[in-house]
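**Q** Sequence:
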Amino acid sequence: MTRKQSSLQCSNSNAIRVAIGLLLLALALMPFFAMKHVQFEAHGFHPLNHHPEQPAKTHDVIQPVSCQDILNDPTIYDPNVDLEKDETKRLTITDPQFYISLHSQFFDKMRWVHIMKQGEYYEKGLTQLFHQILSTYDTTQQPLPLVLDIGMNIGWFSLYSRALGHDVAAFEPNPTMFLRVCESLEYNNWNQDNDNSIRLWNYGLGAQAGVLNLTLGKNPGGSSFHEDRLAPKFRKTIPVSVVKLDSIVIQQGWLDRKISLVKVDVEGFENFVFEGGKRLFYNGNVENILMENSINNITTVGQMVDMLYDAGYRVNEIRTINGDPYHEDWWHTFNPILEERHNAKVPAESDQIRFFSKATCNVWWQHKRIRSINQLRKLDKT
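This note's numbering applies: residue 1 is where the sequence shown begins, and numbers increase by one.
Just to be clear, a hint being listed does not mean it is correct.
Heads up, simulated DSSO-like pairs for lysine-lysine below, C-alpha to C-alpha not over 30 Å straight-line [as the list claims (entries may be wrong)]:
| no. | residue 1 | residue 2 |
| --- | --- | --- |
| 1 | LYS236 | LYS109 |
| 2 | LYS233 | LYS218 |
| 3 | LYS236 | LYS345 |
| 4 | LYS368 | LYS358 |
| 5 | LYS218 | LYS89 |
| 6 | LYS368 | LYS218 |
| 7 | LYS358 | LYS233 |
| 8 | LYS85 | LYS109 |
| 9 | LYS345 | LYS368 |
| 10 | LYS236 | LYS117 |
Treat the hints as calculated values from the structure; they're not laboratory data.
Use the sequences and the hints to build the structure in full.
**A** Below, the structure is given as structure tokens:
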């Protein structure tokens, strides 16, 4: 073998070693790069915008907001800064009525057009459903039944629940929303100085405590922890604190409280809310759940509805986004399918689960104990 051939063989050998080394390094690093493309999984992990270096300490008391502090905080963006308060104040035409403060029409045109000009929310069917559910409760006895409004926005359903005589705990990660809600509390004389019936929590709710990036868009009601749900040219991201619902429930003693309704409208983050509230939902004192489901992953939505069914909840009705009855002739088929999945070692897909993964809709779940009572009442009337 000549010196030139020997040198060439050595060079090839070194090149092979380098190539093998690079291949092994790439394989070792692959999970970390792949993680950047992972979306929310069933147990609350999201590498895109979770900040584990800023965890919320579970032993800390998670405080509700003070409206006095909110209204005097110059760091909170206020789209109404150049408007007089009376310009954005509206008395609703609901039964019962209440006052609500709105964002300027340039910031939130959709709600301005419907509420300011018509006196009612565009989700008319959901408003009627709130009335249907909440008006059946005795609100003359203390403690009053409690409504949890998860995804408060400008507070329409929180305020309406209070007008119907219920106590309210409202959750919202976007601080701007609290400016309007705190003004609404003043207008209705429900402010925190003389009435503590509505408590406000400036947190997102998830499967674990920490900090997530909340993506804002053109529609203030469409903010989401899923960035890809919003049009790129309107995206703006802010970091917000996230806690588990169970952490607040335990601190506030709500496991011993009658909870008339939990409303969940969190733009595709529903499964994480329920994951972080398992202790509450398995406790059985939540009587109704009204959730907007917009999860399009069939495995994730299947696991979520299986958990709710296992916790004792049954599909009562399915409504459109605005709250109108949706595929009413199909409602009776959901619980038998969920019962089959409950009893199966490996739950099978079905048309009903595929429906949930394809159709954004509102689902009214009712605890089986309440359903049984209502069915007995119907029999008594016949």
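**Q** It remains to establish, for every hint, whether it holds in the given structure.
**A** Each hint tested on the structure:
no.	hint	result
1	LYS236 to LYS109	holds, 18 Å
2	LYS233 to LYS218	holds, 9 Å
3	LYS236 to LYS345	violated, 44 Å
4	LYS368 to LYS358	holds, 26 Å
5	LYS218 to LYS89	holds, 22 Å
6	LYS368 to LYS218	violated, 40 Å
7	LYS358 to LYS233	holds, 26 Å
8	LYS85 to LYS109	holds, 17 Å
9	LYS345 to LYS368	holds, 23 Å
10	LYS236 to LYS117	holds, 29 Å
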